[in-house]
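The listed protein sequences correspond, in order, to chains A and B.
Reminder that position 2 of the first sequence reads as 279 in our numbering, one-by-one numbering, no gaps.
Reminder that position 109 of the second sequence reads as 172 in our numbering, one-by-one numbering, no gaps.
Careful, some of the hints might be misleading.
[Stated by the list, open to error] Taking lysine-lysine pairs in the BS3-like style, the calculated list, with each CA pair at most 25 Å apart, reads:
1. K105(B) / K344(A)
2. K333(A) / K347(A)
3. K347(A) / K105(B)
4. K319(A) / K105(B)
5. K146(B) / K333(A)
6. K120(B) / K146(B)
7. K333(A) / K120(B)
Bear in mind the hints are in silico, worked out from the structure with no lab data behind them.
Single-letter residue listing:
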Amino acid sequence: QKEVEQDPGPLSVPEGAIVSLNCTYSNSAFQYFMWYRQYSRKGPELLMYTYSSGNKEDGRFTAQVDKSSKYISLFIRDSQPSDSATYLCAISEVNDYKLSFGAGTTVTVRA
Amino acid sequence: EPEVTQTPSHQVTQMGQEVILRCVPISNHLYFYWYRQILGQKVEFLVSFYNNEISEKSEIFDDQFSVERPDGSNFTLKIRSTKLEDSAMYFCASVGGGADTQYFGPGTRLTVL
Numbered sequence: 278q279k280e281v282e283q284d285p286g287p288l289s290v291p292e293g294a295i296v297s298l299n300c301t302y303s304n305s306a307f308q309y310f311m312w313y314r315q316y317s318r319k320g321p322e323l324l325m326y327t328y329s330s331g332n333k334e335d336g337r338f339t340a341q342v343d344k345s346s347k348y349i350s351l352f353i354r355d356s357q358p359s360d361s362a363t364y365l366c367a368i369s370e371v372n373d374y375k376l377s378f379g380a381g382t383t384v385t386v387r388a
Numbered sequence: 064e065p066e067v068t069q070t071p072s073h074q075v076t077q078m079g080q081e082v083i084l085r086c087v088p089i090s091n092h093l094y095f096y097w098y099r100q101i102l103g104q105k106v107e108f109l110v111s112f113y114n115n116e117i118s119e120k121s122e123i124f125d126d127q128f129s130v131e132r133p134d135g136s137n138f139t140l141k142i143r144s145t146k147l148e149d150s151a152m153y154f155c156a157s158v159g160g161g162a163d164t165q166y167f168g169p170g171t172r173l174t175v176l
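Could you build the full structure based on these sequences and the hints that come with them?
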């Protein structure tokens with residue numbers, strides 16, 4: 278079983294829609310949860326970071342973690358064409374910053 | 064805002080040649096990483112480096128790979144004898160200074176012919 282599973286999509290939504298992205302993980306030792314955005318042939322850019330179950334909001338972005346189900350989500354409200362990118366979930370253990378990445382979900386927001 | 068930088072942005076080399084990829088992490092960071100991403104695949108951990116030594120490496124990081132922090136600012140990844148399958152984007156990342164997560168550089172695209 279892969280450590281981190283993420284639906285690669287692609288996902289195409291109209292401008293203004295809510296984008297919902299998900300990852301599941303298998304290792305209970307994972308305690309830090311991150312979402313990165315990656316544009317084509319660029320480095321991952323940190324969007325959100327959390328280490329507790331529940332929701333964390335930052336502007337139009339909400340990260341959600343359910344440790345009991347080993348399930349994390351990212352929601353993008355009022356999506357814009359500039360949100361078109363690949364979104365990567367990344368997870369690490371306590372005291373080990375090494376990241377395990379999901380495959381990435383490619384999102385296209387249509388104007 | 065401080066950022067991780069990498070040079071070159073694109074490196075083309077012949078199979079069997081040595082390459083050195085360079086990174087300048089964020090200045091007060093203490094932990095350094097290399098990852099790679101083969102086109103269309105997920106980002107994979109290669110190696111972590113702390114206190115001037117390797118702290119962890121993946122099975123990908125074999126004897127052909129080495130890392131070095133030659134001075135107080137640079138962090139390098141050397142591939143001694145490149146293979147076709149080494150063609151990928153290589154990302155440097157760093158952590159530290161109170162941050163709990165990694166900040167990535169823009170990457171070096173390595174093409175092995």
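Consistency of the hints with the structure:
1. K105(B) / K344(A): Given pair K105(B), K344(A) holds - Cα atoms ~23 Å apart, limit 25 Å.
2. K333(A) / K347(A): holds, 16 Å
3. K347(A) / K105(B): holds, 20 Å
4. K319(A) / K105(B): holds, 13 Å
5. K146(B) / K333(A): At roughly 43 Å apart (the allowed maximum being 25 Å), K333(A) and K146(B) break the hint.
6. K120(B) / K146(B): holds, 19 Å
7. K333(A) / K120(B): violated, 32 Å
Hints 5 and 7 from the earlier list are contradicted by this structure; the remaining hints agree with it.
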